[in-house]
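4 protein chains.
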Amino acid sequence: MHIGFLGLGNMGAPMARNLLRAGHQLTVFDLSEAAVAGLVEAGATAAASPAALARTDVELIVSMLPAAAHVKSVYLGADGLLAHVRPGVLLIDSSTIDPLTAREVAAAARAHDNPMLDAPVSGGTGGAAAGTLTFMVGGSAEDFERGRPVLAAMGRNIVHCGGAGNGQVAKVANNLLLGISMLGVAEAMSLGVALGMDPTVLAGIINTSSGRCWSSDTYNPFPGVLENAPASRGYSGGFGTDLMLKDLGLASEAARQVRQPVFLGALAQQLYQAFSAQGNGALDFSAIINLYRKDAQA
Amino acid sequence: MHIGFLGLGNMGAPMARNLLRAGHQLTVFDLSEAAVAGLVEAGATAAASPAALARTDVELIVSMLPAAAHVKSVYLGADGLLAHVRPGVLLIDSSTIDPLTAREVAAAARAHDNPMLDAPVSGGTGGAAAGTLTFMVGGSAEDFERGRPVLAAMGRNIVHCGGAGNGQVAKVANNLLLGISMLGVAEAMSLGVALGMDPTVLAGIINTSSGRCWSSDTYNPFPGVLENAPASRGYSGGFGTDLMLKDLGLASEAARQVRQPVFLGALAQQLYQAFSAQGNGALDFSAIINLYRKDAQA
Amino acid sequence: MHIGFLGLGNMGAPMARNLLRAGHQLTVFDLSEAAVAGLVEAGATAAASPAALARTDVELIVSMLPAAAHVKSVYLGADGLLAHVRPGVLLIDSSTIDPLTAREVAAAARAHDNPMLDAPVSGGTGGAAAGTLTFMVGGSAEDFERGRPVLAAMGRNIVHCGGAGNGQVAKVANNLLLGISMLGVAEAMSLGVALGMDPTVLAGIINTSSGRCWSSDTYNPFPGVLENAPASRGYSGGFGTDLMLKDLGLASEAARQVRQPVFLGALAQQLYQAFSAQGNGALDFSAIINLYRKDAQA
Amino acid sequence: MHIGFLGLGNMGAPMARNLLRAGHQLTVFDLSEAAVAGLVEAGATAAASPAALARTDVELIVSMLPAAAHVKSVYLGADGLLAHVRPGVLLIDSSTIDPLTAREVAAAARAHDNPMLDAPVSGGTGGAAAGTLTFMVGGSAEDFERGRPVLAAMGRNIVHCGGAGNGQVAKVANNLLLGISMLGVAEAMSLGVALGMDPTVLAGIINTSSGRCWSSDTYNPFPGVLENAPASRGYSGGFGTDLMLKDLGLASEAARQVRQPVFLGALAQQLYQAFSAQGNGALDFSAIINLYRKDAQA
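Chains as they are written, first to last, in the working numbering: chain C, 1 to 298; chain E, 1 to 298; chain S, 1 to 298; chain X, 1 to 298.
Think of the hints as simulated: they come from the structure by calculation, not from any bench. None of these values were measured; they are calculated from a predicted model.
Chain copies aren't distinguished; within one or between two, either way the pair holds.
Straight-line distance between alpha carbons at most 20 Å, and here's what the computed SDA-like set of lysine to any residue pairs gives: (1) K246 with Q257; (2) K72 with D113; (3) K246 with V258; (4) K246 with L100; (5) K72 with A107; (6) K246 with Q278; (7) K72 with L31; (8) K72 with K246; (9) K72 with A52; (10) K72 with S49.
Build the full structure now, drawing on both the sequences and the hints.
Here is the structure:
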């Protein structure tokens, strides 16, 4: 299939490479010439602009952009995709943005007779390279089935979440819970250790009790508890604090728009904000436990 | 074995019955004559006071009391257990109290040459009746081995958590995390549904993603998501809001004593407090989701 | 002076009338024909669009719009003010918007050789009608002096806050503190009364102690403490909960943009959000005390 | 008048000296011999124990102790004041403790025919030395009138707050609000400055607007805004962070006992806790602004 791909950053570039590996023909665009050159070397064709990309005979377009402002500009701008793409071309936006903007863009696409899916991912740059991402997909069942094989070339777990925008809703809701759970584990582990317990024993008890959660049994923030977690390698790699901060910002903003209180979510956002402001934005988000550990502050 | 048992409430009575069923000889005490009569009918002998119980030839004493004040009074009071019990008798306190009081009582017991275990439980009245409780046990390894067979007559999962007080530490840390996780699930589910997602689809995604936790996959607070959760039977049964509130109070107080911040835990305590003050203290703690659901408030 | 005025809502209309009363010639625009007709009857001239207004010989333009999106559209839109206004005309935006947007618009104005002031107000519709508003003004000292006489026709207290955007900064910072202080007073009064104190005695003590604040001594949220406060007339009139919610949203968003934690501000926003979601958005914001008072919930 | 005084610490010693200066005869007790010796040198008589003090012919006893446990022990202990004091002697406890304990002790005193006042102070060691303390007094109107002249020898502002315990209620409620207001000012000032405003200009605007409060206009936490505030002398002197932390602990514990939510109060407690755990417990509590200021962390 001839596929267009916009946005060749840390996530987009390896995703695009996986589409090439799966045998697809690729036309790509990015503002960075170096990023484009990398993909061209791997077999893709460069387009000079989103409009130029849209005017080729691509059957499907994937975008992977930093934030809602870029998505609106690329899709809805005077010289954007919708102004130039043929009707019927399937549009898949894998950017992580707020659900209401995703729905606004999808509605505009429909008005142009372009079906659209929102398909944000989880799995990080590792999953993007390995082709093991999870895609949370919003859109009609029919459009989902049409897009699924292409997504399957880039990920392992392709989940239909319901209508337009629901991929973003699922991601924002999951990551809101994740950000809170991690803080909960940080508080429970720090308190237990401050009261004299061994962290590995405590984690073992929690992991077989009602406190059990992914942040404890798979990604425990206390150093040494899990050999392969970021906590045991200085909080390098993993899911950065600033990415968690971005997602909590999306959650609290979406909550504001639908007038839904998120008490713990809002406090969590402030705590990651404070931790980032101390210069820790690039550390894995589980490093937030250092806000609590007196020994770690030394 | 001849065992003494103090505190025959909703938890203590079925625990004591399981000791009788296991073939132990039991001498019991409670302020409620009706509670004592029930156990006597089942084969136990009544003692007139903690002191009287302590002066029998019991080899081991189990207590199950409401709060730290009762534990201090029963063990340390002028006419309490320590003033009358023979040296060497093993003392097991299964009450849920703060770790520092547990350690204070254990130290006093040691000074009387009485080994002591703190052994709070999880599993609720259902687990107490079925003999499937989890015991989180603090004390020396030797004392733990000595107490384990008796605890095994009342529970299924007997976990050694380290030295004196660590059973309480494990419980308070786990329940702190549980109280936070449940609020996190409540926020994520409420936000997702307010943004248009189906609650069962959303729970399914969370349960296979990084938001996965016991409060979502085993005890989901949204009605209808899990057939057997309290949420699907009007939040009856289960673990009461006021019990969660008590445990969060223990957590924040223990945190205060060791000067450990628990930001989300303190906010969680206030939210359960507000919910209880609205008259919901007897509902299962997962009903806290009604603080967030506009539809549920109608 | 010939002045243009855009935005004739609850605040803008009485402000415009005060300019007429002061003897200024007025050309006005609003999307609502009824609002325009009211001002025309009072002596103003109607313009058909912002562009048409800009093309008259006005020497100064005042705008009073609901939110940042309207300000950007009216000033920066393809058919907006900046595209049509003569260089040198002084622009004064009295809308309450985020400081960064205010600075973006001011920079665009400067690029058109139009000096600009941001001049949000406090004082409510009562102050707008009486001409007793406070204006918090950002912009150069020279521009401030030029705009001051016009603002003085609409307000009593005209405060220069520094460069462009600083009027918005002052308002957002003050109202962040106000929203927090009111909750602090609500908690202190509710706790004191729950512990058995008379509310008027307690307020009297606070007002002569270190808890003293405007929310206690001038606007006490407990009914009956201050005869003229909204609390003593069923929380009608005053500064609506939804307006406070909007301002806290501006504060937390501005904080996010400059990576500044606002722990209490974020929690305050959620509490007003919860109160608004219960149907109380139109009540004066001091009604937030009803989140705390058990007696008031009956 | 012959007065007994127990507790000659940083606050108690200068208070006792002021009673001597006013011409009263003083019998004193403290566990510290040095503290007692200081007062004896100034003219007081030493008592060997609280019981010995109680058995003299004192007409009135003042106590100034660190916490509720000391108050219970000194008044209610087997060898405490109530077991030995003559009926009719007026007891005044100026310690800062929780209201429920204050009421419990007052009820026990009444049962011994001893009238009692709770009379916590504000004003710090400076006010104690200068005799300018504020006393917040709980007890009957008659007992208040009887105690007032003695209190007036130690303070300037003697406020009757209602029945037994209400002095403590007033103090805890005021200081809850103070702890919150200070954080509100810290957030507003930090946000304003991060957004580019001059701190003195911003404080000036707040102090004439609805954000006005003692923490802003009298005790502003931003360095340089108020020449005489602790912020302008490195946060030395003043009201220590750990004292604020103690008072917020009393507030949240009192709130727990009457099942009253204090959302911001609980979060404030955690923030001062975190700041104290970083080693800042001895700094004036307004130093909490350093949790927010990026520049100050360098």
